[in-house]
Amino acid sequence: MVKVSDHGFETEGLAKAFGKVTALDGVDLAAPRGQVLGLLGPNGAGKTTVIRVLATLLRPDGGRASVAGFDVVRQPGEVRRRIALSGQHTSVDEELTGLANLVMIGRLLDLSRSQALLRATDLLARFGLEDAAKRPVAGYSGGMRRRLDLAASMVGHPEVVFLDEPSVGLDPGKRDELWQMIRGLSADGVTVLLTTQYLEEADALADAIAVIDQGRVIASGTPAELKREVGGHTIAVRPNDPADTDVAARILADVAGRAPERSSRHELVVPVTGDADFFEIAARLRESRIGVSELSLRLPSLDEVFLALTGTPATPAASAEEPTKAAR
Amino acid sequence: MTATVSSIEPPRTRPLAWLRHSFVLAGRSLAKTTRNPGPIINGVVTPALFMVLFLYLFGGSVAGSTADYLQYLFPGILVMGAGLAGLVSTGTNINLDLKNGVTDRFRSLPISRLAPLLGSVLADIVRYLLAVAILFAIGTLLGFRAHGGLPAALAAAGLAITFGFCLSWVTVFFGVLVKSADTVLAISFIGFLPLQLGTSLAAPVETLPGWLRAWAEINPVTQAMDACRALLNGTPVGGTVTTTLIWCAVLFVVFCPLAIRAYSRQQ
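Chains A and B, in that order, are what the protein sequence lines are. One point on numbering: in my numbering, the residue at position 63 of the first sequence is 63, and numbering is uninterrupted. One point on numbering: in my numbering, the residue at position 71 of the second sequence is 71, and numbering is uninterrupted.
Extracted from the complex, chain A is given alone in its bound form:
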């Protein structure tokens, strides 16, 4: 019999410094079981450090963190039985085959040889890797490696999975494939902590988002709440003929109720309240016979989110996270 908390994981006032660099400065996070929490922030915001503390790889200097109801400092063994980690680097063995990689993890999790083989075969099929099962990972594409890495995380039926920037380096097609698989995890009731630099990714996957900057959570809520706070969608229009820019700008101002910003390449950008505005703008542009080379409905970029939340652009990596990597 074990005690089960309602939370997949929880942190309270989590603090960590590397020498003089403060990586975490009182981080409070909580995700109910089965939820996907997106941790959004620029490089060096402390995202990886949060994951390393929760995965029992790093001792916090202050505060408290628990996973599946177990304290990461006092009961790391219990925590490790229930988690899986997929880091920024794919941590599979290049020289071994995909199958051998998964069987090894199964053996380390005390499955028998045949159980491990069964589980590995299952997972390879589920992650679309059965054809590559017997080939060394060295010959895998980036997307295949990511999927194998994720499959390796699933061998032990974890309750909580930590994914550190899972889609880095993947092209959009492969990224969508990976997103499908991450959604599959959460459908199975797994709690997921996902770090990302892209609001789009957090929006696509997360039930809740926490925005982190300089080791502090500066905003949190559902994707919808967050988008309301930072201004929701923007529409970008680029006329084929730069001479049409003024007419197009008037249409945008008319529909959106505020003047669009002009970028250097004759691009017009304006925040809108919903997709109805988008169709209205499209119709009006066609009426005025303005051809466009670009017409898009966008989520705010990370920079725009930060601008809206803090009044300053996202702080790029003077990097509180780099020391951990350099030290290894």
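Treat the hints loosely; a few may be bogus.
[Claimed, not checked] Below, a list of computed lysine-lysine pairs in the DSBU-like style, where the Cα atoms sit at most 30 Å apart:
{"no.": "1", "chain 1": "B", "residue 1": "K32", "chain 2": "B", "residue 2": "K99"}
{"no.": "2", "chain 1": "B", "residue 1": "K179", "chain 2": "A", "residue 2": "K20"}
{"no.": "3", "chain 1": "A", "residue 1": "K174", "chain 2": "A", "residue 2": "K227"}
{"no.": "4", "chain 1": "B", "residue 1": "K32", "chain 2": "A", "residue 2": "K174"}
{"no.": "5", "chain 1": "B", "residue 1": "K99", "chain 2": "A", "residue 2": "K134"}
{"no.": "6", "chain 1": "A", "residue 1": "K134", "chain 2": "A", "residue 2": "K174"}
{"no.": "7", "chain 1": "B", "residue 1": "K99", "chain 2": "A", "residue 2": "K174"}
{"no.": "8", "chain 1": "A", "residue 1": "K20", "chain 2": "B", "residue 2": "K99"}
{"no.": "9", "chain 1": "A", "residue 1": "K134", "chain 2": "B", "residue 2": "K32"}
{"no.": "10", "chain 1": "B", "residue 1": "K179", "chain 2": "B", "residue 2": "K32"}
{"no.": "11", "chain 1": "B", "residue 1": "K99", "chain 2": "B", "residue 2": "K179"}
Think of the hints as simulated: they come from the structure by calculation, not from any bench. Remember, it's a predicted structure, so these values are computed and weren't measured experimentally.
Given the coordinates of chain A, assemble chain B onto it according to the supplied hints.
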């Protein structure tokens, strides 16, 4: 708020799990060696080259004949081979695992934090056995004969391997501490020269100049080489075997805990 559920209880670790996990990870290390046999080649080719080089360059002048010199030289080469087979591979492998995130995965698994280290070192023992067997074959081809008899020859091989095993914890320690695999290699190589060559390998220590003799006499590798030489040639071992074993114990007792401590602190 908490609820109580019994069905999700994950399997408890069974006794001796750490040992079983170490064997699984040793298997991993060996599987990687078959795909990337560089370290093992290094552990055989380097000592074999030294053997051939010393034998035909100095054999005549040092011992009068190459046949007599081979009887002197070969045991030292054996110790060098066992030391080298693990010296390079263990440290660099562990360092690579630390850097590319594999260690993070292992450490987030419910296994002993010692298992990845021990697994790597266990795999090295297999690599030493292989290196020692190949060196024996080459030595025999060149004309070496173990006059001490089979049991003594096996004892010599065992001693060389034990010594290599204990010495490898020094590289494991550096492998954990140092930032890049290249640096581990560089340190291993810089250590290799005085440690393996500043010994009785090529000539008895009595014939060496004073400063080198002083170093060679306190160098534990000399003791291991002298012990193997006596065992293989069937001459009295004196205190060399005991001294070697004491050195093995000292190296192990000092560097194994240091390496483990550094490894578990790696954050």
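Tested hints:
1. B:K32 with B:K99: holds (17 Å)
2. B:K179 with A:K20: holds (20 Å)
3. A:K174 with A:K227: holds (26 Å)
4. B:K32 with A:K174: Within the cut-off at roughly 28 Å; holds.
5. B:K99 with A:K134: holds (26 Å)
6. A:K134 with A:K174: Status holds; Cα separation ~21 Å.
7. B:K99 with A:K174: Holds, at roughly 25 Å.
8. A:K20 with B:K99: Distance ~23 Å between K20 of chain A and K99 of chain B Cα, so the pair holds.
9. A:K134 with B:K32: Answer holds: K134 of chain A to K32 of chain B is near 15 Å, not above 30 Å.
10. B:K179 with B:K32: With a Cα-Cα distance of about 22 Å, the restraint between K179 of chain B and K32 of chain B holds, given a limit of 30 Å.
11. B:K99 with B:K179: holds (8 Å)
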